[in-house]
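So the sequences go chain by chain: A and B.
Residues 1 to 115, numbered by my numbering, are exactly what the first sequence covers, in order.
Residues 1 to 111, numbered by my numbering, are exactly what the second sequence covers, in order.
Keep in mind that the hints were calculated from the coordinates and are not lab data.
We treat Cβ as the ideally placed atom computed from N, Cα and C, and that holds for glycine.
Each hint should be verified, as a subset may be incorrect.
Said to hold, decoys possible - Straight-line C-alpha distance at most 25 angstroms; calculated SDA-like pairs for lysine to any residue:
#1 B:Lys2 with A:Asp87
#2 B:Lys79 with B:Lys2
#3 B:Lys45 with A:Thr56
#4 B:Lys2 with A:Thr105
Said to hold, decoys possible - Sample of chain A residues lacking proximity to chain B, with all beta carbon distances greater than 10 angstroms (derived):
#5 Ala2
#6 Ser5
#7 Gln28
#8 Gln41
#9 Ile63
#10 Phe66
#11 Asp87
#12 Gly109
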Amino acid sequence: SAVISQKPSRDICQRGTSLTIQCQVDSQVTMMFWYRQQPGQSLTLIATANQGSEATYESGFVIDKFPISRPNLTFSTLTVSNMSPEDSSIYLCSVELAAGANVLTFGAGSRLTVL
Amino acid sequence: RKEVEQDPGPFNVPEGATVAFNCTYSNSASQSFFWYRQDCRKEPKLLMSVYSSGNEDGRFTAQLNRASQYISLLIRDSKLSDSATYLCVVSDGTGRRALTFGSGTRLQVQP
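This is chain A alone, in the form it adopts within the complex (with noise of 0.2 angstroms):
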């Protein structure tokens, strides 16, 4: 297994402003996804992070409202821009531990409100 450190875990914003979530694993890691969790909903895929290059969004996600960093392959950062009460959320990093299963282990996730 392996340890994902997310932070901040939780913040207050105010509207308009940004947000840089952080996301450390303690081993290299291939795949890391970013997902949103919504009050009172479940899991939606933001984007995957891409090492090197950028990120492979989902529709209804866009670059310019959450740019995705993944400099290596145990670190990544997803930016919440220009933030408004919509965006109040968890949004959780995850990680794919053993290439191909497609089994995902999740951070404890960073609990987001927009004021």
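Got chain A sorted already, so can you dock chain B onto it with the hints?
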């Protein structure tokens, strides 16, 4: 139609009861299937993978019917600690390795 649909829940059952959750998926190309468990205010964690022949892990039994695009989870002898939300999860059937999560079924086991 949602890609992954689950029983709406919540399920309130007494300790020791047997409870079954159902899930249907729309993407016939999906190849991998899972049940995840999510405790309140926690991240989802893998409960078990679901194999074509069906599989069992202690009190938990998962079944897959590819023809009907249907997945089930059976929990026998429910414990208080089984109280959680159970998420049905399927792969998207492409090389992207992305997973699609159902909206979850909440289980509350009562003493």
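Structure-based check of all given hints:
no., hint, in the structure
1, B:Lys2 with A:Asp87, "holds, 22 angstroms"
2, B:Lys79 with B:Lys2, "violated, 31 angstroms"
3, B:Lys45 with A:Thr56, "holds, 24 angstroms"
4, B:Lys2 with A:Thr105, "holds, 24 angstroms"
5, Ala2, "holds, 13 angstroms"
6, Ser5, "holds, 12 angstroms"
7, Gln28, "holds, 16 angstroms"
8, Gln41, "violated, 7 angstroms"
9, Ile63, "holds, 17 angstroms"
10, Phe66, "holds, 15 angstroms"
11, Asp87, "holds, 19 angstroms"
12, Gly109, "violated, 5 angstroms"
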